[in-house]
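Listed below, chain by chain, are the residues.
There are 2 protein chains.
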Amino acid sequence: MLKVYGMSFSGNCYKVKLLLEHLQRPYQWQEVDIMTGATRTSDFLTMNPNGKVPTLELEPGKYLPESNAILYYLAQETPYFPTDSFAQADVLRWMFFEQYSHEPYIAMLPGNHPRQVELPKLREKGYGALQVMEQHLSNHDYCVENRYSIADIALFAYTHVAADGGFDLGEFPAIRGWVDRVRGQEGFVEMG
Amino acid sequence: MLKVYGMSFSGNCYKVKLLLEHLQRPYQWQEVDIMTGATRTSDFLTMNPNGKVPTLELEPGKYLPESNAILYYLAQETPYFPTDSFAQADVLRWMFFEQYSHEPYIAMLPGNHPRQVELPKLREKGYGALQVMEQHLSNHDYCVENRYSIADIALFAYTHVAADGGFDLGEFPAIRGWVDRVRGQEGFVEMG
Numbered sequence: 000m001l002k003v004y005g006m007s008f009s010g011n012c013y014k015v016k017l018l019l020e021h022l023q024r025p026y027q028w029q030e031v032d033i034m035t036g037a038t039r040t041s042d043f044l045t046m047n048p049n050g051k052v053p054t055l056e057l058e059p060g061k062y063l064p065e066s067n068a069i070l071y072y073l074a075q076e077t078p079y080f081p082t083d084s085f086a087q088a089d090v091l092r093w094m095f096f097e098q099y100s101h102e103p104y105i106a107m108l109p110g111n112h113p114r115q116v117e118l119p120k121l122r123e124k125g126y127g128a129l130q131v132m133e134q135h136l137s138n139h140d141y142c143v144e145n146r147y148s149i150a151d152i153a154l155f156a157y158t159h160v161a162a163d164g165g166f167d168l169g170e171f172p173a174i175r176g177w178v179d180r181v182r183g184q185e186g187f188v189e190m191g
Numbered sequence: 000m001l002k003v004y005g006m007s008f009s010g011n012c013y014k015v016k017l018l019l020e021h022l023q024r025p026y027q028w029q030e031v032d033i034m035t036g037a038t039r040t041s042d043f044l045t046m047n048p049n050g051k052v053p054t055l056e057l058e059p060g061k062y063l064p065e066s067n068a069i070l071y072y073l074a075q076e077t078p079y080f081p082t083d084s085f086a087q088a089d090v091l092r093w094m095f096f097e098q099y100s101h102e103p104y105i106a107m108l109p110g111n112h113p114r115q116v117e118l119p120k121l122r123e124k125g126y127g128a129l130q131v132m133e134q135h136l137s138n139h140d141y142c143v144e145n146r147y148s149i150a151d152i153a154l155f156a157y158t159h160v161a162a163d164g165g166f167d168l169g170e171f172p173a174i175r176g177w178v179d180r181v182r183g184q185e186g187f188v189e190m191g
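Line order of the protein sequences matches chains L and R. For what it's worth, numbering that gives the first Met the number 0 labels the leading residue of the first sequence as 0, then goes sequentially. For what it's worth, numbering that gives the first Met the number 0 labels the leading residue of the second sequence as 0, then goes sequentially.
Treat the hints with care, since some could be wrong.
No distinction is drawn between identical chains; accordingly, a pair holds when it is met within one copy or between any pair of copies.
Stated by the list, open to error - Here are the simulated lysine to aspartate or glutamate pairs, DMTMM-like style, with alpha carbons at most 20 Å apart: (1) 61 - 144; (2) 61 - 140; (3) 61 - 83; (4) 2 - 56; (5) 2 - 42.
Hints listed in this document are in silico derivations from the structure and should not be mistaken for laboratory results.
For reference, chain L alone in the conformation it holds in the complex:
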C-alpha cells in the first residue's frame, strides 16, 4: 500500500493527501514532525536525502520526494492530468510557478519568520504571484484547459490559507471563486 510520510499542517503534504482522496486510493499516512528533527534522521535521509516531507513510499525501498513530483506520478492516466502534450506541459508550468514564485512567499508565517528584515519584499513577491493567478483565473475556471487538475491542487494548498500568512484575498475575487470551485470537487477534504 502507498505510504505518505507527511506533516498534516504542511500545505505541500496536503497536496498529496487531497489527490489521494480525490482518487479514492488507499494509503497509509505516517505523521512526521519536522520540528523535532524527524526528517534529519539517517533512516529518513535514506528515503529522501533532501530531508523533506512529503515523501511517498511506493514500496519499501522505493521512494519519491517532492510534492509536485508525487502529484505527477499519482495523477498519470487519471482525470487529474490532461492527455494533450501541451496541456501536460502547461500543468507543469503552473506547478513550477508554484514552487518557485508562489509557495516561498505565500507560505510565510510572519510572526516567527526568520527573514523579518525582508518581509516587505517577500510580501510584495507573494502579492505578485497572487496577481498572476488572479489575472489567469479572471477568464479561466481552472489553471489548464478549464478543467480541475494537479496544477490547481498544487496552487490551492497554500493559496487557500494565504490569509494565515497575512495576505488579504479581498482584492482577488477570481481567486476566491476558484477556491470555492476547488472545494466543490468530489472527494475534497480540508487541510489538517
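Following the hints, put chain R in place on chain L, whose structure we already have.
Showing chain R alone in chain L's frame:
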C-alpha cells in the same frame, strides 16, 4: 519555428538552449534584456504573465513559460526523458528539487545580492543542495536511471557555474565528474 525568448547569461534560459542543441531542433533565439524591463512590457506579459524568461513560443499566440516545463515539453518522446513512469516522476523530482532547494541559493551573485544580511544562511542552503547531489552522484552517473536526461540539464545549468556564486566545488568530486560527463554529451554547448 520554435522561438525562445531568453537571456544568454541566464542559467534557466541556457537549459532550453542546451536541450534544443542536443535535439538538433531548429529554433530562433530572441534575446531579452531583463535589466531594462523588457520582461515587464505589456507585450511580454501577454506571453508570460509572470514576466520571466525563458518563455517558449510554439507558434504566435501559444506560449510556454518556466524553464523546466519547457524542458519537459521538448523532451517528450526523445532519449532525454525516460519511458518508465516512476523514472519520469523521478526526473521531475530532481527538477522540482532544482527550482526549490538548489537554484535560489546556487544562482546567487554575492557581490550585488540584495539579501546580504542573509548570505551565510543562503550559502549554507546552497551547500546543502550540493551535498544532496554529491551523495547521489557518488553512486550514480546521472540523476535518473544512470542515463543523461532533462533532470541533468536542469541541475547542470547553475551547478557548473557555482564557483561564480562563490561555491567551492573542490569538496564535491562526484559533482565534478558528472559535470565532465554532461560536457561530453553529443551536441553539448557552453552557456553564453
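Hint by hint, here is what the structure shows:
no.	hint	verdict
1	61 - 144	between (33 Å within a copy, 13 Å between copies)
2	61 - 140	between (36 Å within a copy, 19 Å between copies)
3	61 - 83	between (29 Å within a copy, 14 Å between copies)
4	2 - 56	within (5 Å within a copy, 40 Å between copies)
5	2 - 42	within (15 Å within a copy, 46 Å between copies)
Checked against the numbered hints given earlier, this structure breaks none of them.
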